[in-house]
Amino acid sequence: MDDLLNPLKDRLSQYLTEVSGTPTEIHHAQPIAGGASRDTWLIDATIGGERQKLVLRRDLSTVMYEQALTREQEYQFIDAAYQKGVLAPRPRFLCTDPNLLSQSFFIVDYVEGISIGRKVIQAPELADARAALPQQMAQQLAKIHAIAAEGLEFLPRIPEGQSAAQQALDQVRNMLDKLSAQNPAFAYGLRWCERHAQTSERITVLHGDFRLGNLLIGTQGLNAVIDWEFGHIGDPHEEMGYCCMRDWRFGNGHLHFAGLSDRETFLRAYEQASGVTVDRAAVDWWEIMGNLRWGVTCLAQANRHLSGRDVSVEYASLGRRSAEMQLEMLRLIQQRGL
Amino acid sequence: MYDRPTAAELIDAVRGHLENHVVPAVKGDGKLYFQTLVAINVLRVVERELKLAPDHAQSEWARLDHLEGAMDVPNNARLIFSILHERNTQLCDNIRAGRYDGERKIALFEHLMATTIEQLQVANPKYLQTLAQEDGVSS
Numbered sequence: 000m001d002d003l004l005n006p007l008k009d010r011l012s013q014y015l016t017e018v019s020g021t022p023t024e025i026h027h028a029q030p031i032a033g034g035a036s037r038d039t040w041l042i043d044a045t046i047g048g049e050r051q052k053l054v055l056r057r058d059l060s061t062v063m064y065e066q067a068l069t070r071e072q073e074y075q076f077i078d079a080a081y082q083k084g085v086l087a088p089r090p091r092f093l094c095t096d097p098n099l100l101s102q103s104f105f106i107v108d109y110v111e112g113i114s115i116g117r118k119v120i121q122a123p124e125l126a127d128a129r130a131a132l133p134q135q136m137a138q139q140l141a142k143i144h145a146i147a148a149e150g151l152e153f154l155p156r157i158p159e160g161q162s163a164a165q166q167a168l169d170q171v172r173n174m175l176d177k178l179s180a181q182n183p184a185f186a187y188g189l190r191w192c193e194r195h196a197q198t199s200e201r202i203t204v205l206h207g208d209f210r211l212g213n214l215l216i217g218t219q220g221l222n223a224v225i226d227w228e229f230g231h232i233g234d235p236h237e238e239m240g241y242c243c244m245r246d247w248r249f250g251n252g253h254l255h256f257a258g259l260s261d262r263e264t265f266l267r268a269y270e271q272a273s274g275v276t277v278d279r280a281a282v283d284w285w286e287i288m289g290n291l292r293w294g295v296t297c298l299a300q301a302n303r304h305l306s307g308r309d310v311s312v313e314y315a316s317l318g319r320r321s322a323e324m325q326l327e328m329l330r331l332i333q334q335r336g337l
Numbered sequence: 000m001y002d003r004p005t006a007a008e009l010i011d012a013v014r015g016h017l018e019n020h021v022v023p024a025v026k027g028d029g030k031l032y033f034q035t036l037v038a039i040n041v042l043r044v045v046e047r048e049l050k051l052a053p054d055h056a057q058s059e060w061a062r063l064d065h066l067e068g069a070m071d072v073p074n075n076a077r078l079i080f081s082i083l084h085e086r087n088t089q090l091c092d093n094i095r096a097g098r099y100d101g102e103r104k105i106a107l108f109e110h111l112m113a114t115t116i117e118q119l120q121v122a123n124p125k126y127l128q129t130l131a132q133e134d135g136v137s138s
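Residue numbers (numbering that gives the first Met the number 0), protein chains in the order written: chain A, 0 to 337; chain B, 0 to 138.
Keep in mind that the hints were calculated from the coordinates and are not lab data. Predicted model, so just to flag it, every value in this text is computed and none were measured. We put the beta carbon where it would ideally sit given N, CA and C, even for glycine. Worth double-checking, as some hints may not be accurate.
[Unchecked claim] Partial list, derived from the structure: chain A residues whose beta carbon lies under 7 angstroms from chain B:
#1 S179
#2 Q181
#3 P183
#4 A186
#5 Y187
#6 R190
#7 E193
#8 N251
#9 G252
#10 S316
#11 A322
#12 E323
#13 L329
#14 L337
So that you can see chain B by itself, here it is in the shape it has in the complex (with noise of 0.2 angstroms):
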């Protein structure tokens, strides 16, 4: 294995130094000031996909196993992403074809409804806080 610091560590040490270095360097220049701070956000994404990328791709194999059909899980762990990519690929055609017109597209909605949260969990956390909050004002 790698010596430490692991791959988070050294993001998180990028970020620090954009954070503590470049932005105030930057503030007066509108346009690079907000790519940087854009770039620390892309960091933040990158570190929260690191973390939670394994557990995503196995709930998205499980789910896709009971939309789609069971399917061993390979032992690679790269291979388990460009497979998905595939059973996605799939997944995409046979909404297209109508397959999921009927009764099965309340299991998919389920489904799509589950990964979008994990891929906010990775992008953009505060959003689905934000609408948790406000989903509890309004009920």
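Next comes chain A alone, as it looks inside the complex (with noise of 0.2 angstroms):
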């Protein structure tokens, strides 16, 4: 826990004197939760006589998904999306010199607010809040789709010649033949998926994993957009189809839309935001192809552990949980038909 405390502390107090050439003070350094793939502190400095509350984000040695981005290219997500008006937090500084705190790590400004879905969706002080987001996320989401992708080379793209829905379809394909899974119901819902594969008109800058956990709740709504390390170029209603799937609802599951009202509020509050006309069907779609691809990558986080590369009861235990979202997405195929 002190590991960043007490070594580093000054290491890094002395790096954001140099960076921001006035003196800085670290009070005090705590990690709080973060991505399963980084880590991240919580940052009490004084610099240049201001007492500020940052937050450090570092790479952590073990990579969780290979589509991630760097810190560096997270940074500059964040910083493009900052300047286009998204509520993101400010970023602040990047440091890619390995040898500060053994590994790249970026610091932007503290927001406050809660990240955990099943508070946001039953704190009863947050039900202003809740009210608000489906037009707030909307909004947010569709100034994300604006970003312009020049400059943002780093973004995985869709591979020239493909489709955003094939380059998913041989994504899953990909994972289950790595996996040499032989489960016929994801075998059913990724031919399913080829068989209605829809073709996208619109093809945008994406957050990549926006939904609840990704966001800073605050009790009048959307403080912050944070956790930027999935953006990609893709269709965008991959997204809208993403930030539906029942297990980011919370317990809330009648409400389609992330546990927080029905799809259609959501989806016309994005139109309007965005004056792009959604496609429904293409939602669904993807919202299929989202639970789909999520049911696999339990199955594929089993295997971090049966492969012996990173043990840990958590990651076994995902390879059942895939159960869930198995049956979501058959209960979904069920509902636009076999």
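Two chains, each in its own frame: build the complex with the hints.
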């Protein structure tokens, strides 16, 4: 816990003194829950005589997903979003010198808010926030989808000659092949998605993991969009289907959009904010694909344990959680027609 | 046969130990606390699997007979599971090759739904209960 505090606190304050050009003192640094693939610290510092709360994100040595952005890329992505007026935390410092904290890291302004989905759905004091969120989230998503891809060349994109749907199908097929998983439900889900594949007319920048767990929520609603590591170029319907997935409803299963509202409320707010018509059938397809991909990803997570690469009872248990996404995928296919 | 405790009773003993002694002792360590809760839940999955797996294997076998052609049930319990794995591999190949794209997809879907529900009866029966409640409310 204190590995950053003791030997490295001095180095960090020295670094911040250098890059900010003013004397910096670190009063306190404590780990906060972050994504599973990096560690995140809350820093209390005085920079140039001003007391500031900052958040430091550092790579971990094990990488969770190959497609995830590096800290340097994530920082640039946050910066682009911030410039565009998206509610992203203000980017402050990026350090790619591994000698400093043994990994690359970046620092952004601290933003108040809750990112625990279940709390956001249940807390009585967040009732106003819940009422405002479908609109606010739709507006933020519309803004994110309007970020220019130029200058963000590092974002994973769709291979030449492929559609966004074909790329997603290939990814799932490759994951299943790599795992040698013989799961007839996922084989069927993949087949169904192939047979009903959507063409995409609009290709944009996507946040890539847009759900309550990656938003900071205060009593008035959305304070900031965080965790930009899965940014990529794709079909915006993917992102709309993704945040409708049952697993991100946190117990409020009957409210299709993020456990907050019906789906139409959200989609109409998105259409209003973006000026673009949403293809409902495409959102359906991407929600089915989202469940298929998340279910197969759970199997892949279990395989991290089984292969001995990252031995963990938590990863092992995910192998059985995949059945939840499997059932949801089948139910959605049934609603759309086999 | 083995003496008691049975496998299920042993698992129950370990789960009780984790719940009553380990969980209170690791409350101060967020990560360890969380992982211990996961471990307890994993033991519950195993308990349910021990109880339900023989029946699930039998019903899955019967459904596969209906879909892919009948096969005699081996009289060795261990063989049932390994042949089930082979039969599922075969089914996956047939799905991928498009052999269930036509009218047979309805029978296939019923099978997949039944198998998935059996998987969840082991992995997370609460999930099924919640869904049933929700469907009851919305209909």
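Practice task
Compare the structure with the hints numbered earlier in the document and write down the numbers of the violated ones, lowest to highest.
Solution key: Violated hints: 1, 7, 8; rest satisfied.
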